[in-house]
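**Student:** Each chain is listed here by its residues.
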Amino acid sequence: MKRVAIIGGAYTKFGKRVDVTFTELAWEAIKEAMEDAGISQEDIEFASIASFEHWSSESSPAASILEYAGLNPVEAFKVESACSSGSAAVKAAYMAIASGEAKIAIAIGIEKMFEMTTPDVVEMLGRIGNYFWEFQNFGPSFVGYYALYATAYMNRYGATEDDLGKVAVKNHYYASFNPKAQFPRKITLEDHKKSPYIAYPLRLLDCSPITDGAAAVVLASEDVARKFTDSPVWIRAIAGATASSNLSRREDFLSIPSARIAAERAYRKAKIDLDKPYKQIDVAEVHDCFTIAEILAYEDLRFAERGNGFKLIRDEQTYIGGRIPVNLSGGLKAKGHPIGATGISMFVEIRDQLLQRVESSRQAPINNGIALAHNVGGTGHYVFVSVLSLEKW
Amino acid sequence: MEKDILPIFPDKTGALIWKDIREFKLKYNIPLGKISRFFEGLKEGVIYATKCKRCGKIYFPPQADCPYCRTSDVEWIKLSGEGKLLTFSIINVKPTTFSHYQDYAIGICELKEGVRIFTWIRTNEPNKLKVGMKIKIKVVKREPEGYLIYEGFPEE
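Residue numbers (this note's numbering), protein chains in the order written: chain Z, 13 to 405; chain S, 9 to 164.
Please keep in mind that the hints were generated in silico from the structure rather than gathered at the bench.
Mixed in with the good hints there might be a few duds.
Straight line, CA to CA, 27 Å or less: simulated DSS-like cross-link-like pairs of lysine-lysine [stated by the list, open to error]:
#1 Z:323 - S:138
#2 Z:323 - Z:404
#3 S:33 - S:92
#4 Z:25 - S:27
#5 S:27 - Z:206
#6 Z:25 - Z:283
#7 Z:28 - S:27
#8 Z:205 - S:136
#9 Z:206 - S:138
#10 Z:28 - S:136
#11 Z:404 - Z:283
#12 S:20 - S:42
#13 S:138 - S:92
#14 S:92 - S:59
#15 S:20 - Z:25
#16 S:86 - S:51
#17 S:59 - S:146
#18 S:20 - Z:198
#19 S:149 - S:51
#20 S:120 - Z:205
#21 Z:28 - S:33
Work the whole structure out from these sequences, hints included.
**Tutor:** So, in structure tokens, the structure goes:
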């Protein structure tokens, strides 16, 4: 197995990108990532494309993107694992290099959700659960699925709507320093409290938005990485796990079982202490599609004991200076959540954090040179936990 | 832009948008022959699950195969419909194809038999929904479509 480094990465401005077409948006990210890596199209031997795609008109997005980006005849395909499609694409590119099949590969993620109306996007997201037994007759929105987790969690552990709101306040605070975020502005707990319910107990300001955006990372084999950069960032682990399609078949609604398993697999592979992983990890991007999801992530990633995740945010332990800074990009909540691009943008973010090149107001202190990304597809139908490191361990 | 010559319209921000010429309906034909007993049950007012004859595992949603025993030797068992509410939500912002309903409560109930059911919880007082409350699952006619489906009803 070859070790794999990230040598370039970028994500576009997230938001309502009606100024560009699907392929133009993808190219923005691809061009910047290639320039960051110092490579040209001829260097790329494999490309994986992540896109959920149902809201936009290009129904074979990989083909359109590859042509526009001048990447034909590179070997490529689309991967899909709902909201974790981006991490799945990085994993595909990682495997191409680790296996020795390719020296340089690119993972590209894109979503253009504003080509559809909001109710239609709500429809398509709702269908990410089990279509026949859940959606067909009972019409859960995707917010509704996570609201089921929120109700159960709050009932069991005594977390409050204010605790959820504090996650949104933090993530908007950091988004205010990230010009690429969809909502680069602060909110207050009062704003959260006043925002309407979308699916009780989750309010508008508990939810990530509908987003257009693209992201790309260039991966290289240890054989060639240093030809292109003096500061490769190594993928120490990218570990996945899955859980039932039907939510009713989960053991409980207090934790995402696949996230716990993916975290354990990633920590073992990356040699991270399973008891107190936050002591080694400098900074994390976690999948806060809804505020409750960030609290579940604290527990599933072992940043807090089961049932204590909400206390971390209550005590501001996931701000810079706390136990472990989380979502300094603004997270899905405020940076935006262009489904297929989200996971890849997390890799871009934590690489930039490790290289200490993000805006100073949202730069975590880098002591151990280790950062983590947690990317959930569906309600844990798929989960990837990835660990990056400055050192080739 | 000349709207009668090209389907191009500026949006609120002035960005130029091509309004798709092609429109089509999405409606799937879903085969269910292997689990048709379940739908016969709905006509009798009964909710069925399948049970693997080899390992005894009960499946809801019902499935024709037990993957663990690699057998299709399953029997149909009647569910009591008696259970408790494990969690719930109220859907305020609805998907397109559910926009004609009033806000509805979804929930997951655990039945006496140990299986869980994802369903609507019918109530005129959503504020009184509580985790742990008793729920009876019944077969009802869903209006305005007029088809049979199971839904949960609080018993307190």
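**Student:** Next pair to validate is residue 20 (chain S) with residue 25 (chain Z); report whether the Cα-Cα distance is within 27 Å.
**Tutor:** Holds - the C-alpha atoms of residue 25 (chain Z) and residue 20 (chain S) are around 19 Å apart, at most 27 Å.
**Student:** What's the verdict on residue 28 (chain Z) and residue 33 (chain S), does the C-alpha distance respect the 27 Å limit or exceed it?
**Tutor:** holds (26 Å)
**Student:** Going straight from one Cα to the other, do residue 205 (chain Z) and residue 136 (chain S) come out at no more than 27 Å?
**Tutor:** The given pair, whose Cα atoms are some 21 Å apart, holds under the 27 Å limit.
**Student:** Would you mind confirming whether the straight-line C-alpha gap from residue 20 (chain S) to residue 198 (chain Z) stays at or under 27 Å?
**Tutor:** holds (25 Å)
**Student:** Holds or violated: residue 138 (chain S) and residue 92 (chain S), Cα atoms, limit 27 Å.
**Tutor:** holds (10 Å)
**Student:** Take a quick look at whether residue 27 (chain S) and residue 206 (chain Z) sit within 27 Å of each other, Cα to Cα.
**Tutor:** violated (35 Å)
**Student:** Given the hint that residue 149 (chain S) pairs with residue 51 (chain S), test it: the Cα-Cα distance must not exceed 27 Å.
**Tutor:** With a Cα-Cα distance of about 10 Å, the restraint between residue 149 (chain S) and residue 51 (chain S) holds, given a limit of 27 Å.
**Student:** Below or equal to 27 Å on CA atoms is what counts here, so check residue 28 (chain Z) against residue 27 (chain S).
**Tutor:** holds (17 Å)
**Student:** Take the C-alpha atoms of residue 25 (chain Z) and residue 27 (chain S), compute the straight-line distance between them, and say whether it is at most 27 Å.
**Tutor:** The hint holds at about 24 Å.
**Student:** Residue 25 (chain Z) and residue 283 (chain Z) were given as a pair; does the straight-line alpha-carbon distance stay at or below 27 Å?
**Tutor:** Roughly 35 Å between the alpha carbons, so the hint for residue 25 (chain Z) and residue 283 (chain Z) is violated.
**Student:** Keeping to a limit of 27 Å between CA atoms, is the pair of residue 92 (chain S) and residue 59 (chain S) held or broken?
**Tutor:** holds (21 Å)
**Student:** Between residue 120 (chain S) and residue 205 (chain Z), is the straight-line Cα distance small enough, at 27 Å or below?
**Tutor:** Distance ~38 Å between residue 120 (chain S) and residue 205 (chain Z) Cα, so the pair is violated.
Of the numbered hints given earlier, the model fails hints 2, 3, 5, 6, 10, 12 and 20; all others are met.
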